[in-house]
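Colleague: Residue numbers (this note's numbering), protein chains in the order written: chain L, 1 to 391; chain R, 1 to 282; chain V, 1 to 288.
Since the hints were derived computationally from the structure, they do not count as laboratory data. We treat Cβ as the ideally placed atom computed from N, Cα and C, and that holds for glycine. Careful, some of the hints might be misleading.
Facing chain R, from chain V, some residues (calculated, C-beta under 10 Å) [stated by the list, open to error]: (1) L15; (2) P111; (3) V114; (4) T115; (5) W123; (6) E124; (7) D224; (8) G240.
Dumping the calculated EDC-like pairs for lysine to aspartate or glutamate here, alpha-carbon to alpha-carbon at most 16 Å [claimed, not checked]: (9) K127(L) / E177(V); (10) K234(L) / E235(V); (11) K240(L) / E235(V); (12) K283(L) / D155(L); (13) K136(L) / D155(L); (14) K367(L) / D155(L); (15) K64(L) / D73(R); (16) K64(L) / D67(R); (17) K101(V) / D45(V); (18) K283(L) / D217(L); (19) K128(L) / D45(V); (20) K347(L) / E363(L).
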Amino acid sequence: MTDVLTRRQLFERAAAGGAVLTVPGLLAACGGSSKKAASSTSSHQLAKTLRFSNWTLYMDRNNKNHTYPSLIEFEKKYGVHVRYTTDINDNASFFGKIQGPLSRGQSVDRDIVVLTDNDRYLALMIKKGWAEKLDKSAIPNIKNLIPVQQHPSFDPNREYSLPWQSGMTGIAYNDKLTDPILSIDDLLTNPKLKGKITCLNSMGDALTIVMLANGDDPTKVTDKSFNAAFNKIKQAVDSKQIRQFTGNDYAPLLAKGDLVAAMSWSGDIAQLGNKHLHWNVPKDGGAIWTDNMLIPKGGNVYTACVYMNYVYDPKVQGLMEAGDPKRNITGIYYIPPVAGAGEWAKKYDPSVANNPLIFPPKETLSKVKIFDSNALNNQKYLTAWQNLISA
Amino acid sequence: MSAVAATTQPRGEILSSILAFVRHHVLTLYSLLFFAYLLLPIAIVVAFSFNHPTGNFNYVWQGFTWDNWRYWDGVPGIRSAVFLSLEIALLASLVATALGTMIALALVRYGFRGRAATNIMIFLPLSTPEIVLGASLLTLFLNLNVVFGFWTILIAHIMFCISFAVVTVKARLVGFDRHLEEAAMDLGANEWVTFRKVTLPLIAPAILAALLLCFAISIDDFVVTYFNAGSETTFPLFVWGAARVGAPPQVNVIGTAIFVIAVSGMLVNVLIQMRRTRAATS
Amino acid sequence: MGLLHRHRQLTPYLLLAPGLLWLGVFFVVPLGFLAYQSLQSGNFDIGYSFSWAWGNYWNAVRDYRPQFVRSLEYAGIATVLALVVSYPVAYWIAFRGGRWKNLLLLFIVAPFFVTYLIRTLAWETILSDNGFVVHTLQHLHVLGPGGRLLATSTAVVTGITYNFLPFMALPLYVSLEQIDHRLLEAAQDLYASKWKAFVRVTLPLSLPGVVAGTLLTFIPAAGDFINAQLLGSPENHMIGNVIQSKFLELTDYPAAASMSFILMAAILVAVAVYARAVGTEQLTGTAV
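So here's chain L without its partners, still in its complex pose (with noise of 0.2 Å):
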């Protein structure tokens, strides 16, 4: 009887959203198991597994077996078991995935979650109270963070967030099936490309790029270069130009030859390892992001921490960044966010050391800009862009 008792007060707190136990519900009443988002403290004791959830094609990787080298040397150093999920293919769903745990203050099984500053949700994380803060005392390492990124505006003293990566956005083609796409106009009008292209479904990397084709400015949206950008982008889809959006999953279909080119992330293609393949910044400029990595609420502080620390050592980003052609092991290819890196790629990899993609010169840098981020929380912008890319 007692037992029923305790049962239905857990019931009673959940209802009236008690502070102490956050998430019985049905399933605890049942005598299920129930995951408590943990209130971490800040103990300074390694977990056993570190979860981690990142993007696809977004770490060094032993071709011939299929693992992440970095990951299991962290393994080893650290005897931390790293259980590395790649379910990010764009912020917008993942966001989705895991928002309903963390409103209800559930765990989302996760310690490390990677987001764009390009999109939304990284600031709304943040602002909604749902990013666990950094503990930098475990986090020495944080010294090597380029200056650029030590204040950016979502999160200006890097209390809850950490770069992963940097990239651009711009246009991937196949030489073997096209002449060098160089322009958006040329991505999207061409009629030889027709069906053959893919848009990205992020609204701040397509319309960046299509802005600065139209000589607008993207980092100060306004409704009129809005308006012009989209209507450009709906054309294409209207005209049948555009076969697909798509997240990371246009690779597979570049890799594949069902598309001529596509909208596409500069690491990316260095990653696939297809000679056909080609990546530029568009003519008129393309669009510069960088991943955040951010510890969501109830994710362990102290482990995720350890790892950020990891990342951050110069000589292990070199191999991240570089991979090692020696022992069959790709790189990330995209721009590494610590100072040092670059001298620990040469010794791995020479090409990519030199590869302007990687670490570009000042001249690519000036053609790249970075989405307006106050154009990213226009409910009116983002409901247009929603029902252009699902209808």
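Once you've looked at the hints, dock chains R and V against the given chain L.
Modeller: For chains R and V alone, coordinates are given in the frame of chain L:
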């Protein structure tokens, strides 16, 4: 027709006999084509489980290898996904078959009020689109603040398996002779003993069939699981995630393994039945 | 004796209770919650609250009519295709299968044992722009030189037809198999032509199978989103894709819930129209 054939030259005779053969067997030929169509994707799945892709993508045939089978769990995450799916399928099929068999027994053996309503209740989940089943369970769990994961998946799988179990067992129960049971009762056995000694052995094949069916449905389910899995990953969910960047050949390995095991189980069953009917007719 | 009698009366209910309870709690009750959710208003940031927001239904129909129509259209075409393609085979197995019947049936259900997603991905490979199917069709000028199948409605319908084919073929077979052979012989004597005998006798007798197969194929097909996702483009998205993304990505629960009910209603209407055409007797005959 045959008159025409008889008056033509031998060559024409051959031609027309070919035509006649085709006409006579057109249904058979069509059926063979149909089976080819049905089995083509399966052949592709099996073949690509032996592919040796040079890059990350398993789309173009590049060479034969056993490696994918040897290192079936060589892709991070696939092992735990497969084990989770097996665990769920095993538990869900056991529970659903037990519950379903009981319902089937009640429906066939007893007259009771509310029989029609029960039949409708069994029929409804079968005729509801999966997405609605998944979505409604999701709203239930959301509103009750239930943590998504193993238990929500299991609950969902049991739910949609029950009707299949009922239908399978019922089909067998309807067809069988009740005299045996009556005889047992006449000999003084009580209901429970009769059930255990007579009924159960008789419907055992049906129960086994229901178990297998539920297992197969559960291990294959994507839609309902997708809505209710939380952060857990079953094998179909793993495939869904992997498909975005090109599923590795190991996905084909697991798919082929499930296929081979299920089909050989059924094949044995079919062969036994064939032998039995042959023995019975000869 | 009275006790035993009472006991016998109770037995069926005891047998039914656990299973029906499960279905009640995890099938019927959730539908209630879905209805409740569909009438809520608000948004994700401020939360949702119940307010008899019937507007959700109107908005759903207004904004997503093409997807609703497409779902019914694709499911309808796929159902007819599945019927036409599998009827002759079901007939062949039922009347010519002999002692191989069960083995042949095994072939029919074989695709079921390859994970749904994996067999759909196999179609992605088969229909790929560089695959032999597209090349052959281009040779035959069915497709233009730049033509493709993937990311078109053809690919989506092909996928749906294939994936739900066993749902059609099995009931067809069952109803054909039950037909008394002597009846057919008599019919052939009576009508002289085989074709006439088929139309007058076999076909009507197999109608219950046609009805059951049609429903079993059409209903899940109308709610499907996997084929449209993997084999189609946004232009081919069905209402399932919208419901899925509203629920799981955009967390617009009320909109998604109301769409789920509209989908169910649309299916019911389609089934009712169909029932009128074939006669309700057939329908209820297969229902239980």
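Colleague: Now, for every hint given, state plainly whether the structure supports it.
Modeller: Hints, one by one, checked against the model:
no.	hint	result
1	L15	holds, 4 Å
2	P111	holds, 6 Å
3	V114	holds, 5 Å
4	T115	holds, 5 Å
5	W123	holds, 6 Å
6	E124	holds, 8 Å
7	D224	holds, 8 Å
8	G240	holds, 5 Å
9	K127(L) / E177(V)	violated, 65 Å
10	K234(L) / E235(V)	holds, 12 Å
11	K240(L) / E235(V)	holds, 9 Å
12	K283(L) / D155(L)	violated, 32 Å
13	K136(L) / D155(L)	holds, 14 Å
14	K367(L) / D155(L)	violated, 25 Å
15	K64(L) / D73(R)	holds, 14 Å
16	K64(L) / D67(R)	holds, 10 Å
17	K101(V) / D45(V)	violated, 59 Å
18	K283(L) / D217(L)	holds, 15 Å
19	K128(L) / D45(V)	holds, 10 Å
20	K347(L) / E363(L)	violated, 25 Å
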